[in-house]
Amino acid sequence: MLESELCYKIQGCIFNVANKYGKGLKEQIYQKALAEELTKQGLGFEQHKRINIYSLDTGKHLGVYVPDFLVEDKVIVEIK
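Residue numbers (numbering that gives the first Met the number 0): 0 to 79.
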């Protein structure tokens, strides 16, 4: 699947969650709801996967990034 197609499917999942649950809930609720939607759409994902970040100049480890979702090992999704 192309990244553009994947992003379109992810956006659809996000809109479904927003329409079902509205505004004002805690981030954790939206994360669980989005996980259900992604699963329902057959999209593979990992939650809170630790991603090491390295300097592009020196290769030195700079730190760890932990996104809310990594979908199909291609797209990072952050719930805010």
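Calculated from the structure, these hints are not laboratory results. Do not take every clue at face value.
As the list claims (entries may be wrong) - Listed next, the in silico DSS-like pairs over lysine-lysine satisfying Cα-Cα at most 30 Å (straight line):
1. 59 / 22
2. 59 / 39
3. 59 / 19
4. 73 / 19
5. 39 / 19
6. 59 / 48
7. 8 / 22
8. 31 / 73
9. 48 / 31
10. 25 / 59
Claimed, not checked - Label-pair ranges, simulated between beta-carbon atoms:
11. 0 / 27: 40 to 48 Å
12. 78 / 41: 19 to 27 Å
13. 54 / 19: 18 to 26 Å
14. 52 / 21: 30 to 38 Å
15. 21 / 1: 18 to 26 Å
16. 59 / 28: 34 to 42 Å
In this text, all values refer to a predicted model and were calculated from it rather than measured experimentally. We put the beta carbon where it would ideally sit given N, CA and C, even for glycine.
Taking the hints in turn, this is what the structure says about them:
1. With a C-alpha separation of about 41 Å, the suggested pair residue 59 and residue 22 falls outside the 30 Å cut-off, and the hint is violated.
2. A C-alpha spacing of about 39 Å is found between residue 59 and residue 39, which places the hinted pair above 30 Å, so the restraint is violated.
3. Of the supplied pair hints, the one linking residue 59 and residue 19 is violated, its CA atoms being roughly 44 Å apart against a limit of 30 Å.
4. Taking the CA atoms of residue 73 and residue 19, the gap is about 26 Å. The hint holds against a cut of 30 Å.
5. Taking the CA atoms of residue 39 and residue 19, the gap is about 15 Å. The hint holds against a cut of 30 Å.
6. For the hint linking residue 59 to residue 48, the alpha-carbon distance of about 20 Å falls within 30 Å, and the restraint holds.
7. Restraint check: the Cα-Cα separation between residue 8 and residue 22 comes to about 21 Å, which is no more than 30 Å; the hinted pair holds.
8. Restraint check for residue 31 and residue 73: the C-alpha separation of about 20 Å stays at or below 30 Å, so the hint holds.
9. Annotation: proposed proximity of residue 48 to residue 31 holds, straight-line Cα distance about 15 Å (limit 30 Å).
10. Taken as a hint, the residue 25 and residue 59 pair is broken in the structure, with Cα atoms around 36 Å apart against an allowance of 30 Å.
11. The hinted range of 40 to 48 Å is not satisfied by residue 0 and residue 27, whose Cβ atoms lie roughly 28 Å apart.
12. As the Cβ distance of residue 78 to residue 41 is approximately 20 Å, the hint placing it in 19 to 27 Å holds.
13. The hinted range of 18 to 26 Å is not satisfied by residue 54 and residue 19, whose Cβ atoms lie roughly 42 Å apart.
14. Distance hint check for residue 52 and residue 21: the Cβ-Cβ separation is about 35 Å, which falls inside the suggested range of 30 to 38 Å.
15. Evaluation of the 18 to 26 Å hint for residue 21 and residue 1 yields a failure: the beta carbon distance comes to about 31 Å.
16. For residue 59 paired with residue 28, a C-beta distance near 38 Å keeps the hint of 34 to 42 Å intact.
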